[in-house]
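All chains should be built: construct the whole structure from the sequences, respecting the hints.
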Amino acid sequence: MVVMKMKFPFQKRVKLAQGLWLLSWCATVAGAITFTLGCILKTELRRRAEVMDNSDVHVVPNTLMIVGLASLGINIFASKICQDALDAERFPRWKNMLKPYFAVSCFFTVLMLLAVIMSYAMKGSLESSLKVGLKNGIRFYKDTDTPGRCFQKQNIDRLQMEFQCCGNNDFRDWFEVQWISNRYLDFSSKEVKDRIKSNVDGRYLLDGVPFSCCNPSSPRPCIQYQLTNNSAHFNYEYQTEELNLYLRGCREALVSYFMGLMNTIGAGVLSVFLLQGSVLVSLRFLQTAMEAVAGNENTEIETEGYLLEKSVKDTVMEFIEPVMQFFLFKNQVGEGSSEAPADP
Amino acid sequence: MPFMPVKFNLQKRVKLAQGLWMIYWLSVIVGILIFSLGLFFKVELRKRSEMMDNNESHLVPNLLILVGLLAGGVSAFGGKVCHDSLDPVKFAKWKPMLKPYLLLCCGFNVLMLFTALLCFLMQFAVYLTLAEGLKNSIKFYKDTDTPGRCFMKRTLDMTQIEFRCCGNNNFRDWFEVQWISNRYLDMSNDLVKDRVLSNVEGKYLMDSVPFSCCNPGSPRPCIQHHLTNNTAHYDYDHRIEELNIWSRGCREALFAYFSSMMNSIGVLILFTIMLESLDMAGLKYLATALETMEDPENPECESEGFLLEKGVKETFADLFVKMKMLRGGNEVEGGEAAEAT
Numbered sequence: 134m135v136v137m138k139m140k141f142p143f144q145k146r147v148k149l150a151q152g153l154w155l156l157s158w159c160a161t162v163a164g165a166i167t168f169t170l171g172c173i174l175k176t177e178l179r180r181r182a183e184v185m186d187n188s189d190v191h192v193v194p195n196t197l198m199i200v201g202l203a204s205l206g207i208n209i210f211a212s213k214i215c216q217d218a219l220d221a222e223r224f225p226r227w228k229n230m231l232k233p234y235f236a237v238s239c240f241f242t243v244l245m246l247l248a249v250i251m252s253y254a255m256k257g258s259l260e261s262s263l264k265v266g267l268k269n270g271i272r273f274y275k276d277t278d279t280p281g282r283c284f285q286k287q288n289i290d291r292l293q294m295e296f297q298c299c300g301n302n303d304f305r306d307w308f309e310v311q312w313i314s315n316r317y318l319d320f321s322s323k324e325v326k327d328r329i330k331s332n333v334d335g336r337y338l339l340d341g342v343p344f345s346c347c348n349p350s351s352p353r354p355c356i357q358y359q360l361t362n363n364s365a366h367f368n369y370e371y372q373t374e375e376l377n378l379y380l381r382g383c384r385e386a387l388v389s390y391f392m393g394l395m396n397t398i399g400a401g402v403l404s405v406f407l408l409q410g411s412v413l414v415s416l417r418f419l420q421t422a423m424e425a426v427a428g429n430e431n432t433e434i435e436t437e438g439y440l441l442e443k444s445v446k447d448t449v450m451e452f453i454e455p456v457m458q459f460f461l462f463k464n465q466v467g468e469g470s471s472e473a474p475a476d477p
Numbered sequence: 479m480p481f482m483p484v485k486f487n488l489q490k491r492v493k494l495a496q497g498l499w500m501i502y503w504l505s506v507i508v509g510i511l512i513f514s515l516g517l518f519f520k521v522e523l524r525k526r527s528e529m530m531d532n533n534e535s536h537l538v539p540n541l542l543i544l545v546g547l548l549a550g551g552v553s554a555f556g557g558k559v560c561h562d563s564l565d566p567v568k569f570a571k572w573k574p575m576l577k578p579y580l581l582l583c584c585g586f587n588v589l590m591l592f593t594a595l596l597c598f599l600m601q602f603a604v605y606l607t608l609a610e611g612l613k614n615s616i617k618f619y620k621d622t623d624t625p626g627r628c629f630m631k632r633t634l635d636m637t638q639i640e641f642r643c644c645g646n647n648n649f650r651d652w653f654e655v656q657w658i659s660n661r662y663l664d665m666s667n668d669l670v671k672d673r674v675l676s677n678v679e680g681k682y683l684m685d686s687v688p689f690s691c692c693n694p695g696s697p698r699p700c701i702q703h704h705l706t707n708n709t710a711h712y713d714y715d716h717r718i719e720e721l722n723i724w725s726r727g728c729r730e731a732l733f734a735y736f737s738s739m740m741n742s743i744g745v746l747i748l749f750t751i752m753l754e755s756l757d758m759a760g761l762k763y764l765a766t767a768l769e770t771m772e773d774p775e776n777p778e779c780e781s782e783g784f785l786l787e788k789g790v791k792e793t794f795a796d797l798f799v800k801m802k803m804l805r806g807g808n809e810v811e812g813g814e815a816a817e818a819t
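Read top to bottom, the protein sequences are chains A and B.
Here the working numbering runs 133 ahead of the position in the first sequence, where the first position is 1.
Here the working numbering runs 478 ahead of the position in the second sequence, where the first position is 1.
Derived from the structure by calculation, the hints contain no laboratory data.
As the structure is a computational prediction, the values presented were derived from the model and not from experiment.
Worth double-checking, as some hints may not be accurate.
If you only want the chain A side, here are some residues facing chain B, beta carbon under 8 Å, derived [what the hints assert, rightly or not]:
| # | residue |
| --- | --- |
| 1 | 240 |
| 2 | 290 |
| 3 | 317 |
| 4 | 319 |
| 5 | 343 |
| 6 | 349 |
| 7 | 355 |
Once the Cα atoms are required to be at most 25 Å apart in a straight line, the calculated SDA-like pairs of lysine to any residue come out as [to be verified]:
| # | chain 1 | residue 1 | chain 2 | residue 2 |
| --- | --- | --- | --- | --- |
| 8 | B | 671 | A | 368 |
| 9 | A | 323 | B | 707 |
| 10 | B | 617 | A | 351 |
| 11 | B | 617 | B | 672 |
Glycine included, C-beta positions come from ideal geometry on N, C-alpha and C.
Below, the structure is given as structure tokens:
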């Protein structure tokens, strides 16, 4: 039972070949664009690598880059094939290559769809990675003299200013860590000694945040120290007043930024996937229509084109059978050889 | 005797026409580039117009936009003429327009030279506007409740963060103005009263800077208040220590930014002038080569192309005589009018 049979008179074949040539060049450009989008995403993720704990989410841009390159190759090949398609002498030399070519193309097209699905599904992994990364970033903020962590302060400050956020969940995360290094604390001062004694770990905690949390849009000069002390500042009540810090947490800001980027890229790659799919379908029709012409003197006869020779199930079995046989054969040989020495 | 003659056979003419067509399209792209750079410059000036007291001159970007559009149009026309040049029928309709077109190109080159000159010279005006504008911005930093100046604080903060600078000349400019609004000062406090009474104008001055002056690259949490008071901070000596605020002044930072932009645009315009001159020379050669064909019916005959029909001196002498004749014509008319009265 043939899947999707269509009649192709000579004119229709010619039109199909021409249209396919144009389509495959468009798809080549689309493949290059996919590769570029993958590179852009990878660059952005690498820029913020210091606040990410693991690089699980890098599988999305890596897949996009692989698929983009593969799509480039597949479509250039497709344009070459359809250039030769209408020439009865040059077309037969492609005959042997077409079956593996279709298998490989289908694999990469499915991979493209997987990349799109992953770009939506990686949100949870990204969020947990950022949670741990930001927590460490805030903890190591003061360690500007420790090798390997010297630039943590600068990174966190720049991050907070650029994404207009403060802390991990919100600004109160800064109250729970000591973000001023001991080098700049006067241990002979009573105030410092009190604060350090007031908690178990002996840390200098205060209800203040770094300057990078300050919101320039606020009409008031930035209040960053003694945030919970109403009497420390004139006309200030922290419970009711809109603070002049950024209220959003950096994890939320970064997640929304990256998800926005990945969703946009995912939508673009979905359209590339549809384009690629249509190229492959048209190529299959052209191939089957031209194969029916082969051997005939009159190249202008009407032929039939189809997608699959047998039904979907049979075609899949046809592909899987050699693979299964290979594994079964190996097993049988293995069993046979293990039995042989047992026999005396 | 023609100026710089070159012999042309058919092959050479065809090559000249094709090469010239490509150069014309390159000129169109460069014209579009100049147009977009002019737009970009205009947008940047608009963005920073608050720092410049809102009276910055938009002459240069407007001129750039005009020049870009003209360059695109002139080059596209030239390209079309080149494209039609090897077909004698099509070329015949362009022939009469060539002389005025080349004169127009000359005038356009002069305009571009003027624009390039402006690009390099207007930087002084930008510098002066910035100096005045920043001084006022710092003065109005605290007026976040005055209509028309509500966003000065935000703009100045964002500028200091973006350009990594502090104050007009340096951070000490902030010591001379009151940048905290009276709304947030406790006038019943003795400290505040002392400070306000300590100067003639009754301003609350202090040796502090806003948070946007802070340098994130400094290893120490930002010290922005009591900058000249060594005892206010632990292990701090403001005379020897590298402060953790930006040391550059915003005037210098903004001027460096605009001046580099204007210099590169000026260089691009000079390059465009050379390209346009090349176009004009090529078109003149092509036109004269096509005109001096001995046998118009036979396309493969040889011809000679030249830049000027006579030598340079003679051409200028001719031009001078023509101009004199025009003026002489006026004198004759003036004489007649005098007679008529």
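Regarding the hint that residue 343 (chain A) lies at the interface with chain B, is the smallest CB-CB distance below 8 Å?
holds, 6 Å
Can the restraint linking residue 323 (chain A) and residue 707 (chain B) be considered satisfied, given a maximum Cα separation of 25 Å?
holds, 20 Å
Cut-off 8 Å, beta-carbon criterion: hint that residue 349 (chain A) touches chain B:
Cβ of residue 349 (chain A) sits 3 Å from chain B, so the hint holds.
Hint residue 355 (chain A) vs chain B: min CB-CB distance below 8 Å?
holds, 4 Å
Hinted contact residue 290 (chain A) with chain B - closest CB pair below 8 Å
Constraint on residue 290 (chain A) satisfied, holds at 3 Å.
When you check the alpha-carbon spacing of residue 617 (chain B) and residue 672 (chain B), does it fall within 25 Å?
holds, 21 Å
Is the straight-line distance between the alpha-carbon of residue 617 (chain B) and that of residue 351 (chain A) 25 Å or less?
holds, 18 Å
Hint consistency between residue 671 (chain B) and residue 368 (chain A) [alpha-carbon to alpha-carbon, up to 25 Å]
holds, 17 Å
Regarding the hint that residue 317 (chain A) lies at the interface with chain B, is the smallest CB-CB distance below 8 Å?
holds, 6 Å
With a cut-off of 8 Å on the beta carbons, see whether residue 240 (chain A) makes it to chain B.
violated, 41 Å
Checking hints one by one. Is residue 319 (chain A) an interface residue toward chain B, by the C-beta closer than 8 Å rule?
Where the cut-off is 8 Å and the nearest Cβ of chain B is about 4 Å from residue 319 (chain A), the hint holds.
Checked against the numbered hints above, the structure breaks only hint 1 and satisfies the rest.
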